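Peer 1: Fit chain B to the known structure of chain A by using the hints.
For the protein sequence lines, the chains are A and B, in the order given. Counting in the numbering used here, the first sequence runs from 1 upward without gaps. Counting in the numbering used here, the second sequence runs from 1 upward without gaps.
To be clear, the hints were calculated from the coordinates, so they are not data collected in a lab. Check before you lean on any hint, since a few could be wrong.
[Said to hold, decoys possible] For lysine to aspartate or glutamate, the following EDC-like pairs were computed, each having C-alpha atoms within a straight-line distance of at most 20 Å:
| hint | chain 1 | residue 1 | chain 2 | residue 2 |
| --- | --- | --- | --- | --- |
| 1 | A | Lys284 | A | Glu270 |
| 2 | A | Lys45 | B | Asp291 |
| 3 | A | Lys44 | B | Asp291 |
[Unchecked claim] Quick list of the computed label-pair ranges, beta carbon to beta carbon:
| hint | chain 1 | residue 1 | chain 2 | residue 2 | range |
| --- | --- | --- | --- | --- | --- |
| 4 | A | Lys136 | B | Phe322 | 56 to 66 Å |
| 5 | A | Glu138 | B | Val55 | 48 to 58 Å |
| 6 | A | Arg117 | B | Met203 | 53 to 63 Å |
| 7 | B | Met203 | A | Lys99 | 53 to 63 Å |
| 8 | B | Val302 | A | Glu138 | 31 to 41 Å |
| 9 | A | Pro232 | B | Pro160 | 40 to 50 Å |
| 10 | B | Thr248 | A | Phe10 | 52 to 62 Å |
| 11 | B | Thr223 | A | Phe10 | 46 to 56 Å |
| 12 | B | Val55 | A | Pro232 | 45 to 55 Å |
No experiment lies behind these values; they were computed from the predicted model shown. C-beta: ideal position from N, C-alpha, C; glycine also.
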Amino acid sequence: MLKAENIVSFRQYLIAIGITWFLIIVLLVRFFQIQIIGHDRYRKKANTNRIRKITTTAPRGLILDRNGQILVDNLPTYVLTAIPGELSQKGEKFGLISKTIGLDSTIVSRNYKKYYRGRFISTRLAKDLTFHQISKLEENKLNLEGIYYQQFPERYFPSVVRASHILGYVKEVDKSIRATIKDKSEYELGDMIGWNGLEKKYESYLKGKRGVYFYEVDALGREVGYVEDLPPKKPEPGQNIITTLDINIQKTLENLMEGSRGVILVGIPETGEILGAVSAPDFKPDLFTGLMLEQDWQSILKHPDKPLINRFNQGLYPPGSIVKMITAITLLKNQEFDPEVEQICEGSYQFGDRVFGCWSTQGHGGMNLTSAMLNSCDVYFYKSTHYFDLDMLSNSFRRFGFGQPSQIDISGESSGLVPTASFMNKRYGRYGWSKGALLNISIGQGELLVTPIQVFNYVNLLATRGIAQTPHFVRVDQLPENIHPNYESNIWDRIVSDMRAVIVDEKGTGKSAQPNVPGFKVFGKTGSAENSHGESHAWFLGWAEYYDKNYSIVVLVENGGSGGTIAAPIARQVFSQIINYNDMAAR
Amino acid sequence: MIGSQSFELKDLPIKIIWAVVFLSTIGLIVLKSISQHHIGGVFQNPFSKQILFMVPSVIGTITILFVPRYTIHKYAYALYAISIIFVILPFFGSPHAGTYRWLNIGLPFAVQPSEFAKIFTAIALARYLSDHNLEMKHFMSIIIPIILVLIPTSIVMNQPDLGTAIVILAPVLPMLYWSGARPFYLFLLLAPLFSMLMAFHNMAFTIWAIVLGVTIFIARPKTIMSFGLFFGNIFIGLLSPFLWNSLTSYQQNRILTFINPEKDPLGAAYQIIQSKTAIGSGGLFGKGWGDGTQTHLKFLPVQESDFILSVIGEELGFITIFVILIVFGYLIVQIMKQSYLSKDRFSSLALIGFATIFLSHVFVNTAMTVGLIPVKGLPFPFISAGGSFLIACYLMFGLILKLSVNYSD
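The shape of chain B in the complex, shown without the other chains:
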């Protein structure tokens, strides 16, 4: 029975806990290496700062274990609304390094509300989708969840913080899939975006048109709808180059730099080169802890957060990177397993949402460090330094543990 749950340690998914402990330890070891020659106060030293933030993080995790599950469900929308307000607040202050990501609330450090917004967006989405179970077979019923995520996404994108915006947006697709939406509808959601992008390349657009046609044919909606979808997408695609050309070159450049910051060679491209050099020079076993020349001679930018994996690659080698990524894959798969095993719709949806948040963090951060995608400025969960981010990760960790516990109800 809900409310009379008995909480026992042995019920916790121990594999998830071990994975998080392992990753956090690696993070501290690497931050210790980076911080060796740091001078200045506690808040200038990534290692001591991280240790310090561990305290509220672990307290937060444990606290969540004692919060009843129905409370989380009950306040899901309220927390979502509050987090949206906090994400908007920085826009009323002065910009911090040219962005509106940070909120200064009189502490010796600034808070990044978008880190928490992503958690509450996923919870709100889980609640909406678990409450509206039966209508999911209709296309229109996926509209409200989409709007639910697009609100924080668009605000965060304007901060601007494309990386976090992607992370907030990412859970919606697997969560819709989890709640029974037809994959075809999910495809239709993405189709106009693809149509617009592919339109700039003739060959790509032709292939895309074929893929679109085949998919619609296989899905077999009503004839009029098929034609509408197909030609609607083609029309959007054909229109987009005209829309693009109607922009001034200044506007075009802003969009291009936003999508691909590497266009600015002294900025992002330099960072990517330094990151790849650090990783590549590490080799199989690395140069040894504290011996990374790229790291310690400060060739590697934002090494304590966005490029922490490059430090690991340089000092501890491919072998450690391999272990970290495998452990992280294992962690995510364990969360997914809990989601699959869960008999509770809300818990299952929230868990797949958190798994997606972690996966997108790991993928975007890692792919950026190795130059697979443009620089997005996203930290690596449990390893990267960062106050708000660490607390947010541990809150999610707590929520995962809480929602994973199988109740004898």
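So that you can see chain A by itself, here it is in the shape it has in the complex:
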């Protein structure tokens, strides 16, 4: 027998031991990697694993008019949610839900997919459920394990006004919207976010703070109890915002623009407060709440009058004669210019090889600055263009806020266009345009483009001799600084008296803007802006002094025709209503 001999060599034994320790060390290294190096990460993961966060939506702040009338309110509705980790036999449960509340089960499963973010995160199945529907589901509670409901405040518009372009709307946060939000903790899928108008601008005020409470759960999703070191937090409702709007004036404006395209803006010149603003056509503000049908969307998107466009701050229009006060100021600043010297208007003016017409083809005859203003004579201004150049004129335009955003508290504002010499050079080439362009621009035509809100700020600046505040819908502590054009008082006097002449003179183009009420003093200017879309745009701007109150107004009727016959009477109707409300309030 091989008695004293070992079966294996020492080398074989060492190899076996070596392999053993090698495998043990591999495992230890792996444990070290997970437990020591990855400890923080896994600890966090373990915490979210066992703690379920339930959030409750905070009601958004209300939006009120200046007298406290509610423009935007909240309506309590219910949303149905599911915790995916607790949900077994999804298909059956979705079927039962749809049968109980009368909702297509494909909507339920589509929502489930759309809102799914994880096994333990509550996932929305349906919204806008009524209390009645919820109580029916409650009867089937035993068969609906893993299904929950929460109260969800939905936007609701109790007011008689639409004000859709001002108030804007909220949108549901979906995955693509959430991807664009910087602070992800602020919004969850299915939350509402202000998407337009004041809802968007004042989102941080209106939003409020979500309520949160934490449950400790086991892997089957059963609630074990509250988490002690994470006390529940009640939702904080958003702040209400008080607008400068007056529900009565707003209603008047909306009625006046019913069926037309255009804008009316009414406000207080000194403060820049806007009492009423309408961009017509508009839409019902509740269009965006609830379930929006695809065909509704399409009909609005494809509507030829583009109701979704906010005309008062996005629409770009040629201003026409309403900017002649700026041309007049540019002239008055030149010492050589004498406003009393008459120019003869023969209905047209030959400049180089081009003929520039006056709106009155038979001509106005002899005109000084005042009569040119009240008749809105174009030839007078053509003949005066040798007193300035394009850059001097465009500089005056910019001093009244044209060519730059008015900083109105509704986003998406257009800047408009004030052409300068360098702009013209760039667009047409250095020799591609002539001084003839200056003739057009001096009467508010040509390349010049303005937004109605810029015009509103312009009329406020005229009414206040340059000290008006930035136009706004919501009074905040720190308004953005407005521009303040500064001219000698004799220039302001002249402009104001000429604007008064436009209303009160026998031949004044704006005389139909004056309501027949003693003590109600209207100042204004009409404009009929030629454009490439058909009839002229009818403009009227002005303000009224009534006792100690001032009201400024801008009226624009797209392709309405003559400003004096179309826009000015609308202004009168607005003024009449203002007088009525004031009288009612006085009584």
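Peer 2: Frame of chain A, contents of chain B only:
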């Protein structure tokens, strides 16, 4: 002289006993934590169930100490045959949780015959290799031992229980190595398997072909044989993608899920994630006994057996895991030492076989818990709960003690 052995306590390898006592104690401590909030009978509570199974386990261990060594040698093949029959029996019954692992013999618990089959396969292998000492230098003489292990392995694999199948298969390589088979032959055994797997990746297959060529060159068999081996393997490798593509996608999927259950994300992947979360959140010192949130909120699956190490990792920390694995490494090395020191061929082979069984259990279970390999559903020796498994571990423990005793013969 065989048969007149005098059994004395001081002859037992005391280090092995201490290691097993330590591991079993840790196991009971952890099972106690898991069982804290268990409601239901004794057999629903992992701790009391484990205590209960300790009784037959320890009795089994002690009994084996009084069984003569030659009896074990003598009945090695018979026990092997019986265990094979028992492994087949569940296939005639109804499946238990979709598998044929369990045999219901009218007790309040089911028996898992494959746990015992692995012991008897190792013993049968030890006997065959000790009886056929001299022929081991020839390639053909390793064929019969291979067939010996492949029979239970393939049956268990069909239950299906890949983990246990691996454990049954694993001892054959070190045991062949122990009995003097050329390492080159062992390499040739594994070569076709590698050739097939590597063929699905161009780079890997190139590297494999180089390794194969170099190994054959170094081993220097006859020229014709070298070429035959090399090109045979390459041919098998090149053929396997065609064979694979000839399968239907349904068959392919079944094979893929079998090899890698993590392909089923709600099943195995979820378990691995929960296991890693439990372990990782434990940190260096753990959350404390009974304070593992992953464990007690039942995020951790099969925590009393397959994922018991995750519970330890979470509640008792890296420090305890470290101690356990070091103690286990020490235990295995002690068994190997006994195997090395043994003057008896049969004992030496059986001991290295048991050491391999334990090592593969520890490695597969632990590697699975930390996501190194796919989930295989294998318990951790002496610590995991489980009736058949505990008894099997203690039977092996008894056999190790018995075969380690150096006789004055």
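Peer 1: It remains to establish, for every hint, whether it holds in the given structure.
Peer 2: Hint check:
{"no.": "1", "hint": "A/Lys284 <-> A/Glu270", "in the structure": "violated (31 Å)"}
{"no.": "2", "hint": "A/Lys45 <-> B/Asp291", "in the structure": "holds (16 Å)"}
{"no.": "3", "hint": "A/Lys44 <-> B/Asp291", "in the structure": "holds (16 Å)"}
{"no.": "4", "hint": "A/Lys136 <-> B/Phe322: 56 to 66 Å", "in the structure": "holds (58 Å)"}
{"no.": "5", "hint": "A/Glu138 <-> B/Val55: 48 to 58 Å", "in the structure": "holds (53 Å)"}
{"no.": "6", "hint": "A/Arg117 <-> B/Met203: 53 to 63 Å", "in the structure": "violated (39 Å)"}
{"no.": "7", "hint": "B/Met203 <-> A/Lys99: 53 to 63 Å", "in the structure": "holds (57 Å)"}
{"no.": "8", "hint": "B/Val302 <-> A/Glu138: 31 to 41 Å", "in the structure": "holds (37 Å)"}
{"no.": "9", "hint": "A/Pro232 <-> B/Pro160: 40 to 50 Å", "in the structure": "holds (48 Å)"}
{"no.": "10", "hint": "B/Thr248 <-> A/Phe10: 52 to 62 Å", "in the structure": "holds (53 Å)"}
{"no.": "11", "hint": "B/Thr223 <-> A/Phe10: 46 to 56 Å", "in the structure": "violated (35 Å)"}
{"no.": "12", "hint": "B/Val55 <-> A/Pro232: 45 to 55 Å", "in the structure": "holds (50 Å)"}
In this structure, the hints that do not hold are numbers 1, 6, 11, in rising order.
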